[in-house]
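Trainee: Read off the chains here:
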Amino acid sequence: MEAQSSKWVFRMTPIRFLLLILAGVAAALAVYRLVVGLGATTNLNDHWPWGLWIGFDVLTGVALAGGGYSVALIAHILHIEKFNVIARSAMLTSLLGYLLVMIGLFLDIGQWFNFWRPFVSWGYHSVLFEVFWCVSLYTTVQVLEFGEIGTEKVAKSWHRLFAKAMPFLLIVGVLLPTLHQSSLGALYLTQVGKLHPLWWSPYIGLFFLMSSFFVGPAMVTVETSLAGRAWKHWVDVKIIRSLQRIGVTVMLMYLILKIWDLFARDAMQYVFAGGLESTMFLIEMGLGVIIPIIIFFIPWGKTRAGLITAGALVALGVIINRMNVVIVGMIGYSGAGYIPSAIEILVTVGLVAGGALAYCFICDNFRILDHQEEQHKVAQ
Amino acid sequence: MAYVKFDTPGKGVLVDLTKCVGCGSCSLACKLWNDLGHDDEVPDQGPDAKLSDKNWTAVKFFALEKDNEPVYRFVKNQCLHCQHPACESACFSRAFQRTENGPVVYYPHLCVGCRYCMLACPFDVPKFQWDKSFPLVTKCQMCSSRVDKGEAPACVGVCPTNVMTYGDRDELLAMARKTIESDDKYIKHIYGEHEAGGTNWLYISDIPFEKLGFRTDVTTRPIQEYSHEFLKYTPPVIVAWGGLLSAMYVYTKRRKEVAGKDKKDVPM
Numbered sequence: 045m046e047a048q049s050s051k052w053v054f055r056m057t058p059i060r061f062l063l064l065i066l067a068g069v070a071a072a073l074a075v076y077r078l079v080v081g082l083g084a085t086t087n088l089n090d091h092w093p094w095g096l097w098i099g100f101d102v103l104t105g106v107a108l109a110g111g112g113y114s115v116a117l118i119a120h121i122l123h124i125e126k127f128n129v130i131a132r133s134a135m136l137t138s139l140l141g142y143l144l145v146m147i148g149l150f151l152d153i154g155q156w157f158n159f160w161r162p163f164v165s166w167g168y169h170s171v172l173f174e175v176f177w178c179v180s181l182y183t184t185v186q187v188l189e190f191g192e193i194g195t196e197k198v199a200k201s202w203h204r205l206f207a208k209a210m211p212f213l214l215i216v217g218v219l220l221p222t223l224h225q226s227s228l229g230a231l232y233l234t235q236v237g238k239l240h241p242l243w244w245s246p247y248i249g250l251f252f253l254m255s256s257f258f259v260g261p262a263m264v265t266v267e268t269s270l271a272g273r274a275w276k277h278w279v280d281v282k283i284i285r286s287l288q289r290i291g292v293t294v295m296l297m298y299l300i301l302k303i304w305d306l307f308a309r310d311a312m313q314y315v316f317a318g319g320l321e322s323t324m325f326l327i328e329m330g331l332g333v334i335i336p337i338i339i340f341f342i343p344w345g346k347t348r349a350g351l352i353t354a355g356a357l358v359a360l361g362v363i364i365n366r367m368n369v370v371i372v373g374m375i376g377y378s379g380a381g382y383i384p385s386a387i388e389i390l391v392t393v394g395l396v397a398g399g400a401l402a403y404c405f406i407c408d409n410f411r412i413l414d415h416q417e418e419q420h421k422v423a424q
Numbered sequence: 362m363a364y365v366k367f368d369t370p371g372k373g374v375l376v377d378l379t380k381c382v383g384c385g386s387c388s389l390a391c392k393l394w395n396d397l398g399h400d401d402e403v404p405d406q407g408p409d410a411k412l413s414d415k416n417w418t419a420v421k422f423f424a425l426e427k428d429n430e431p432v433y434r435f436v437k438n439q440c441l442h443c444q445h446p447a448c449e450s451a452c453f454s455r456a457f458q459r460t461e462n463g464p465v466v467y468y469p470h471l472c473v474g475c476r477y478c479m480l481a482c483p484f485d486v487p488k489f490q491w492d493k494s495f496p497l498v499t500k501c502q503m504c505s506s507r508v509d510k511g512e513a514p515a516c517v518g519v520c521p522t523n524v525m526t527y528g529d530r531d532e533l534l535a536m537a538r539k540t541i542e543s544d545d546k547y548i549k550h551i552y553g554e555h556e557a558g559g560t561n562w563l564y565i566s567d568i569p570f571e572k573l574g575f576r577t578d579v580t581t582r583p584i585q586e587y588s589h590e591f592l593k594y595t596p597p598v599i600v601a602w603g604g605l606l607s608a609m610y611v612y613t614k615r616r617k618e619v620a621g622k623d624k625k626d627v628p629m
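Going down the list, the protein sequences come from chains H and X. First residue of the first sequence? That's 45 in the numbering used here, and the numbers climb one at a time after it. First residue of the second sequence? That's 362 in the numbering used here, and the numbers climb one at a time after it.
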């Protein structure tokens, strides 16, 4: 396998070439944005201070990258070893996801050269402070966790040290996301009376945490199927199914809690009220939660196609949820609409493309997908 | 969990909207004192007046009906200087701080430009310099340097019809209550007494506040408390969840070793 040789490879395919162009365009636009400012490049204004970059690149990106911590918890903290086969790719996706989030955040702040300020000026009673610290620390932890893989190929003498540090890194690496996945939702606690009651809830932090947990297995399913196609590396359907069982369990609890919360806040009336908010809420819950649960319990849910479909729907549902919170749920209060500018969209697309390219490059060169035999070797 | 607990509510301003004739000298004084620019597209006076990065205060014109008679009212807007400011609790780099004298002051050098303050403010006060390369947030500072010297904010001093009274919030509140109780024309509501936990700028009016562009559904609970309600769980969660994760790690690993399984744990 290429990954085991010490040479560096990067196969160029038409899709990768397209991704490269998209990432290049985004990089140029990002530099342009940093020079000329936010007003000239985005459709943000005083009514819409937060838009696509916060909504998709940050809030959604962090959730979708949640696969890393839920799989790390299941495979490495609970030592359920059958999941080892997917752990590396899940954690790699997560690392890349967080790096993209950091870039997205960086592009979105006005005083970007001042980004380090909260490290020294502690606004500790801001929820954003918790988000900032946890995301920064967690990205660092993930880079160190990747060190264990990286040193299999480069700087090999460091490998023992990284391997030794893994238990500590893994524990911190599960603890931090638990904190900031919920605090990302809790950012919107301040939007009381502004964010539509279908989404504003005293439990919004818990909802964000739970959805970031169950989107993990879903993302891993989608991603392993894509990787399976690209590298001819198929993960056993049974493993995917038992991973999704964990996700579906949390999703059922999420659904029950959500319904209870709507009743408790007397917000059930808005669910079938018609209009933009109720439609988007029904799409989010129907497509992203209820249908995937149904798929899991019917015979189709035992097949690879069924599981991939369910996983893709869950991921889509979480994307819709985050965009509903950031955009749809705020339209009623703001009285104005917001459509991202072409530059905002191209930068977001390019960031995702860059992430996909990085994933491909690392899979080509490091032992991510096929590392079973390595583990046997160590075990003997 | 406020940064500093102040013993006194500090200084404030009472605005009596029935007295305003809409001359706009307050807005001009604000621009002169704070060296703000002018923007033709965003007026600081008239029916379309609104706050912006250049208009820290704006006087909005309303044509309304009262007792079937047309009436005109002018509403001066600016930062309300909350007792428990949402912007202060939202800012992760302490760029907003309420001072002992009452003003909520913005410190540009601490600002990252994340705009969470704009989201958090229940009155939508902070504005952003969208046309700049390195934009800052802007808002009324209640002329804090003047207030610290015992002087009234610039806008208050120039008002020709005494719309605004500057003083201790306690005393202003008592004065406002006396005014609205002794005169039937006033709405029996002091805007800012309880909104968002209380503000240092207070308003009285003879027209219902919701007709004058005020947000009357704003929570009376300080926005800070919503964040605090969540953040207070952070330390116990770190300790409990971190401990539990460590325990689970050690336990499941040990169990596997005791069970005599030949596979050694290989992280990742």
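The hints are simulated quantities; they were obtained by calculation from the structure and are not laboratory data. Built from N, CA and C at the ideal position, the CB exists for glycine as well. Watch out, some of these pointers could steer you wrong.
[Unchecked claim] Straight-line Cα separation of at most 27 angstroms, BS3-like style, residue types lysine-lysine; simulated pairs:
| id | chain 1 | residue 1 | chain 2 | residue 2 |
| --- | --- | --- | --- | --- |
| 1 | X | Lys411 | H | Lys302 |
| 2 | X | Lys510 | X | Lys415 |
| 3 | H | Lys208 | X | Lys614 |
| 4 | X | Lys392 | X | Lys411 |
| 5 | H | Lys126 | X | Lys614 |
| 6 | X | Lys415 | X | Lys427 |
[What the hints assert, rightly or not] What follows is a set of in silico ranges between Cβ atoms, one per label pair, in the way DEER data are often shown:
| id | chain 1 | residue 1 | chain 2 | residue 2 | range |
| --- | --- | --- | --- | --- | --- |
| 7 | H | Ala84 | X | Leu425 | 34 to 42 angstroms |
| 8 | X | Asp529 | H | Gly379 | 49 to 57 angstroms |
| 9 | H | Trp304 | X | Val619 | 38 to 46 angstroms |
| 10 | H | Lys346 | X | Tyr468 | 54 to 62 angstroms |
| 11 | X | Gly398 | H | Ala199 | 52 to 60 angstroms |
[Stated by the list, open to error] Going by beta-carbon spacing under 7 angstroms, a handful of chain H positions derived as facing chain X:
| id | residue |
| --- | --- |
| 12 | Pro162 |
| 13 | Val218 |
| 14 | Leu233 |
| 15 | Lys282 |
| 16 | Ser286 |
Trainee: Decide, hint by hint, whether the structure agrees.
Mentor: Now for the hints, and whether the structure bears them out:
1. Lys411(X) to Lys302(H): violated (39 angstroms)
2. Lys510(X) to Lys415(X): holds (25 angstroms)
3. Lys208(H) to Lys614(X): Holds, at about 15 angstroms.
4. Lys392(X) to Lys411(X): Roughly 14 angstroms separates the two Cα atoms, so the pair holds.
5. Lys126(H) to Lys614(X): With a Cα-Cα distance of about 14 angstroms, the restraint between Lys126(H) and Lys614(X) holds, given a limit of 27 angstroms.
6. Lys415(X) to Lys427(X): violated (33 angstroms)
7. Ala84(H) to Leu425(X): 34 to 42 angstroms: holds (39 angstroms)
8. Asp529(X) to Gly379(H): 49 to 57 angstroms: 37 angstroms Cβ-Cβ, so the 49 to 57 angstroms window is violated.
9. Trp304(H) to Val619(X): 38 to 46 angstroms: holds (41 angstroms)
10. Lys346(H) to Tyr468(X): 54 to 62 angstroms: holds (60 angstroms)
11. Gly398(X) to Ala199(H): 52 to 60 angstroms: Distance hint for Gly398(X), Ala199(H) holds at roughly 55 angstroms.
12. Pro162: Holds, because the Cβ-Cβ distance from Pro162(H) to chain X comes to roughly 5 angstroms (cut-off 7 angstroms).
13. Val218: Where the cut-off is 7 angstroms and the nearest Cβ of chain X is about 6 angstroms from Val218(H), the hint holds.
14. Leu233: Holds, because the Cβ-Cβ distance from Leu233(H) to chain X comes to roughly 4 angstroms (cut-off 7 angstroms).
15. Lys282: Since the shortest Cβ distance to chain X is 19 angstroms, the answer is violated.
16. Ser286: Violated: closest Cβ of chain X sits about 17 angstroms from Ser286(H), beyond 7 angstroms.
Violated hints for the displayed structure, listed by number in ascending order: 1, 6, 8, 15 and 16.
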